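Novice: Given the structure of chain A, go ahead and fit chain B onto it with the hints provided.
Here are the chains, one letter per residue:
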Amino acid sequence: MHAFRFESLTLPPEAEEMRRKVRAFLQEERDTGRYAAHRTSWSTFDPEFSKRAAKAGFIGMTWPKQYGGGEYSNLQRFVVTEEMLAAGAPGGAHWIADRQSGPQILKHGSERARQLILPKIAAGECYFGIGMSEPDSGSDLAAARTKADKVEGGWVINGTKIWTSNAHRVHYLIVLARTEPLSENRHAGLSQFIVDTSSEGIEIRPIMNLSGGHEFNEVFFKSCFVPDDMMIGKPGEGWTRVTGELAFERAGPDRFMSDIRLLVELVDKIGREPNERQAVEIGRLAAHFATLRRMSSSIAGLLERGESPVTEAALVKDVGTAFEREVPEMVRKLLPIEASLDDDDEYSQAMAHVLLHAPSFTIRGGTPEILRGMIARGLGLR
Amino acid sequence: MEDMSAIVLEQADRLFAQHIDKKVLSAADAGQWSDALWSAMEDAGLPLALVPEMKGGAGLAPDVAANLIRRSAFHSVPLPLAETMIANALWTDAGGEVIAGAVTLAPVNPHDRITLASNRTGATLQGIARHVAWGKQAPIALVLASDANGNAFLCRVPTGKARSNKTRRNVAYEPREDVDFGGVQLAASDFLPAPACLDADGLMPFGAAIRVQQMIGGMERCMDYALSYANERVQFGRPIAKFQAIQHMLAIAAGHFAAASAAGDALTETPRLGDNALAVAIAKSRCGESAGQVAALCHQVHGAMGFTQEHPLHYATRRLWSWRDEWGAEPWWQEKIGRMICEQGGDGFWPLLVDPPATAGAA
Chain A
0 MHAFRFESLT LPPEAEEMRR KVRAFLQEER DTGRYAAHRT SWSTFDPEFS
50 KRAAKAGFIG MTWPKQYGGG EYSNLQRFVV TEEMLAAGAP GGAHWIADRQ
100 SGPQILKHGS ERARQLILPK IAAGECYFGI GMSEPDSGSD LAAARTKADK
150 VEGGWVINGT KIWTSNAHRV HYLIVLARTE PLSENRHAGL SQFIVDTSSE
200 GIEIRPIMNL SGGHEFNEVF FKSCFVPDDM MIGKPGEGWT RVTGELAFER
250 AGPDRFMSDI RLLVELVDKI GREPNERQAV EIGRLAAHFA TLRRMSSSIA
300 GLLERGESPV TEAALVKDVG TAFEREVPEM VRKLLPIEAS LDDDDEYSQA
350 MAHVLLHAPS FTIRGGTPEI LRGMIARGLG LR
Chain B
0 MEDMSAIVLE QADRLFAQHI DKKVLSAADA GQWSDALWSA MEDAGLPLAL
50 VPEMKGGAGL APDVAANLIR RSAFHSVPLP LAETMIANAL WTDAGGEVIA
100 GAVTLAPVNP HDRITLASNR TGATLQGIAR HVAWGKQAPI ALVLASDANG
150 NAFLCRVPTG KARSNKTRRN VAYEPREDVD FGGVQLAASD FLPAPACLDA
200 DGLMPFGAAI RVQQMIGGME RCMDYALSYA NERVQFGRPI AKFQAIQHML
250 AIAAGHFAAA SAAGDALTET PRLGDNALAV AIAKSRCGES AGQVAALCHQ
300 VHGAMGFTQE HPLHYATRRL WSWRDEWGAE PWWQEKIGRM ICEQGGDGFW
350 PLLVDPPATA GAA
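Sequences listed follow chains A and B, in order. Residue numbering for the first sequence follows numbering that gives the first Met the number 0, starting at 0 and increasing by one per position. Residue numbering for the second sequence follows numbering that gives the first Met the number 0, starting at 0 and increasing by one per position.
Okay, chain B solo, but in the shape it has when bound:
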């Protein structure tokens, strides 16, 4: 089984390396959707990685799926692969069939609410979701909406039916659209009662969980660039790697990277990476902080070169700066953890972090 996972990851890694180069990434920066890359990923079955085999997916173990997302981020895949993986896992869990093509998730912002009103032929949606990844370009959005009685539904919404008036990009130049679902009509087969895992915090832990794995992959790329550069760049007659100041910067960055990886590993102990909301809160908080530090330190090692379009470092760092903000920036998750701890009192601090999640509850 371990061999199989290694093969899956190696193949995916090769696929990413084959299809992603500077040209593809610059085109993505300019807003172009890479059909070739998406088809290659779809042919390899990657979007269905988290769907159980009996439902038509690859049924990868959570740790393998997490590594797959990390590798995709290492290569800066400029498409909603991770979103599609999670969307399919949740939709099939709710009883739906796998969805072909790219799927994005909404709402992203914890303060946005989408409502659903059923009628004779199906249902109508209302509400705006901000900052939806590839909200126009992904053909389908999986939307979490609730009706007047507070029942939650997952909705399969063709994005062509919704309105997106303004083009909005994050600092990685990736589309993050404000999507207005107002008046979108759904057929009865396009919405299903949301699975129980969405009860407490909606999509937030699932979206945050994929950003966590992406940040870890992105940080690894930055470290790789910085370590190579430090060993190659000669100043004052020797490679800058030989200077203690540089060594210490990279040792600190390695500490942040290791901590982020450990926090991200904690999410692979449940089937869909986002099931344990407390572990997600801890990981999003810790990884977000690491991402900022690793990006800053790796830029510093690269000097002016890293601040150019020519050097590829920016494809990784701009994504780190985006991902740490999305699906709840650090303080949003930290406040949740802090309130949960204070609610329990000082004596509850240790058991909350140590005892198995069954007693820890959701964030």
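Bound-form chain A, shown alone:
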């Protein structure tokens, strides 16, 4: 069969050195009580943590120094990402900017956008949201109807975005909009813009999620002006830009480590002498986990070589998020403890917390149904 590329990767010594560094940073953070391990690490929005992480050099790691980066390798960044997740660090404020918006601007943004924005992201002071989905186009992204019309010196955006995480507390959104009317080729005529959320003509309406949290928003653009040099790439390149951005978004450790803290708490709750069934299931989940980590690090290696493994990234996300969904389902069978939002038992709360977030794991960043279509194309079935 056409084999997808998942070459073995041995992390180089400088990556392991970086692991020691980030572990020391996180240890000190916890020892001094600056944070307690969160069960949804990369969705936990904590600007103060982001600033401290930036100061220690853990944001914008791979970017050139002239833009505030550290000129580290993708593999060094990979190690920092996985250690942050393993430690339950509250990296939600800077996560999107660091993972995908920043790299997108660095690669395809204007020089002014780079100089204006990248150093602020790297300083942990500037956060991003993703403006892709719309009320009538979620999985079917090419059906986007938000429009950008050319005017003197820039573009005027009209339309609505939805499921925009953190729109109410980030500084910028990267918005996908039609710069040409819909034609036979649905992927043509789309463009990406960096939109300042403090601009005139933006209205943000909160949407509460089922766990009671406010991350989602609906964002209305009414004649919102964006300068020319805040377009990413050239007009009409939006579809290519979006798919490239998703390769960064899909294969990272954040696609199988969302509920690692529940596993850690499960192990502590069970104690040193598990019964046979507990040992078998923990062993099984660990085998899945360790394998996913290999697959994810392999993609980091491909990114490091400048490749864009779009299909492989889709595959890792599909397998990884299926695992994330399975963890709470499996865990609940191993101890007779009911999930509760306010039980005195921390573990009971952890189960409740993860259960209520789990449905999002296989939706955000592309559903399995979309990913499997991409994989099938890679297999020569479409």
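FYI, nobody ran anything at the bench for these hints, they're computed from the structure. Computed from a prediction, not measured in an experiment: that's the story for all the values here. Accuracy of the hints is not assured; some may be wrong.
[Said to hold, decoys possible] List time: in silico SDA-like cross-link candidates among lysine to any residue, alpha-carbon distance up to 20 Å:
1. B:K241 - A:G68
2. A:K119 - A:T61
3. B:K165 - B:H130
4. A:K20 - B:L351
5. B:K135 - B:K165
6. A:K20 - B:G347
7. A:K268 - B:G347
8. A:K20 - B:V353
9. B:K241 - A:K54
10. A:K268 - A:A35
11. A:K54 - A:G68
12. A:K332 - B:K21
13. B:K21 - B:K241
14. A:K233 - A:G152
15. B:K135 - B:D189
16. B:K160 - B:C196
17. A:K106 - A:Y66
18. A:K50 - A:E124
19. B:K241 - A:G379
20. A:K20 - A:K50
21. A:K332 - B:R338
22. A:K119 - A:G152
23. A:K268 - B:L351
24. A:K233 - A:H213
25. B:K241 - A:I369
26. B:K241 - A:K64
27. B:K241 - A:K332
28. A:K268 - B:K135
29. A:K268 - A:E337
Specialist: Same frame as chain A, but now just chain B:
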């Protein structure tokens, strides 16, 4: 060097394709040992692939050897090639000379013990090993046995000296005999102190490591069959590959296959594929689960056709169902991993899986 490995693999692949067809596989199903295939593999030096050059082997790098085993399984080689590769690697590591002919490994079952008592002329063995691959037909068994003081030895045992009372086959129809080594006399040159790599878990990680690579090769064969079939079989006016339901089944199977391959790759970071017992435990567990899923999904794609003797899919799937059970089925390895994790506590979970094997220890 990379070119050399490619040539080795290509040649082996051609050899397997040349010597293995439906006739050979049906004959093997009926219990026939294929001399022609074994001689061809031996002439090509494949059984000595993992033996260092200075000891008379091919000295293949572990990743090339792993790929060689995967290709042999892709073609459903119905002989103990992988067992012989590992047996020779271990025997020469213990200080022995390479062994000519096919060699099987025993004991296979984690609960079986073979004991050794030395005497003036050599030693005597006691004990039964269950489910030994080609336990009668392979001329030699490499047996791990321990004496009354707990010292472990590798023994080169002509299988003709042991008893096998009942013919037993796995679901691939391959012989898996219960072999009684009771009373077998060994000459002094036929047993050697076992190398240190066998200290913790005996032969288990080594046997499991070859089954892991075999499962990956077998899964690739199933995927190949299923992808071709989906593109050829027309129903409702179009190839079934065009139906989303089929596409999603094969995408899921591809995910299992990719995960299994990644887990199997982890074993190529040590010289003999089975040296890192934790990595073997993870891989045997993950590959065993994938093997079941891939076999089921690929059968489903083939419909009734895949359930026949005529279609060759069953040569691959029946081996997958056998290999996942042998040398410890998933739960046996999973329990080991789980106990190791619980022993360390929650904070140990991440470092155990991430930090280099030196600190991870043996399963």
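Novice: Take the hints in turn and mark each one as holding or not.
Specialist: Evaluated hints:
1. B:K241 - A:G68: At roughly 46 Å apart (the allowed maximum being 20 Å), G68 of chain A and K241 of chain B break the hint.
2. A:K119 - A:T61: holds, 15 Å
3. B:K165 - B:H130: holds, 11 Å
4. A:K20 - B:L351: holds, 18 Å
5. B:K135 - B:K165: holds, 10 Å
6. A:K20 - B:G347: holds, 18 Å
7. A:K268 - B:G347: holds, 14 Å
8. A:K20 - B:V353: holds, 15 Å
9. B:K241 - A:K54: It is violated: about 52 Å lies between the C-alpha atoms, which goes past 20 Å.
10. A:K268 - A:A35: Holds, because 18 Å separates the two Cα atoms, which is no more than 20 Å.
11. A:K54 - A:G68: Judged against 20 Å, a Cα distance of about 11 Å means the pair holds.
12. A:K332 - B:K21: Violated, because 46 Å separates the two Cα atoms, which is more than 20 Å.
13. B:K21 - B:K241: Between K21 of chain B and K241 of chain B the Cα gap is close to 30 Å, so the pair fails against 20 Å, i.e. violated.
14. A:K233 - A:G152: Satisfied, since the Cα-Cα distance of roughly 15 Å is no more than 20 Å.
15. B:K135 - B:D189: holds, 19 Å
16. B:K160 - B:C196: Roughly 27 Å separates the two Cα atoms, so the pair is violated.
17. A:K106 - A:Y66: Distance ~12 Å between K106 of chain A and Y66 of chain A Cα, so the pair holds.
18. A:K50 - A:E124: holds, 6 Å
19. B:K241 - A:G379: Roughly 10 Å separates the two Cα atoms, so the pair holds.
20. A:K20 - A:K50: Cα-Cα ~17 Å, so holds.
21. A:K332 - B:R338: Given pair K332 of chain A, R338 of chain B holds - Cα atoms ~18 Å apart, limit 20 Å.
22. A:K119 - A:G152: violated, 25 Å
23. A:K268 - B:L351: With Cα atoms ~18 Å apart, K268 of chain A and L351 of chain B stay inside 20 Å; holds.
24. A:K233 - A:H213: Distance ~34 Å between K233 of chain A and H213 of chain A Cα, so the pair is violated.
25. B:K241 - A:I369: At roughly 15 Å apart (the allowed maximum being 20 Å), I369 of chain A and K241 of chain B satisfy the hint.
26. B:K241 - A:K64: Not OK: K241 of chain B and K64 of chain A at ~49 Å, beyond 20 Å, violated.
27. B:K241 - A:K332: violated, 39 Å
28. A:K268 - B:K135: Violated: K268 of chain A and K135 of chain B sit about 49 Å apart, past 20 Å.
29. A:K268 - A:E337: At roughly 13 Å apart (the allowed maximum being 20 Å), E337 of chain A and K268 of chain A satisfy the hint.
Comparing the model with each numbered hint stated earlier shows that hints 1, 9, 12, 13, 16, 22, 24, 26, 27, 28 do not hold.
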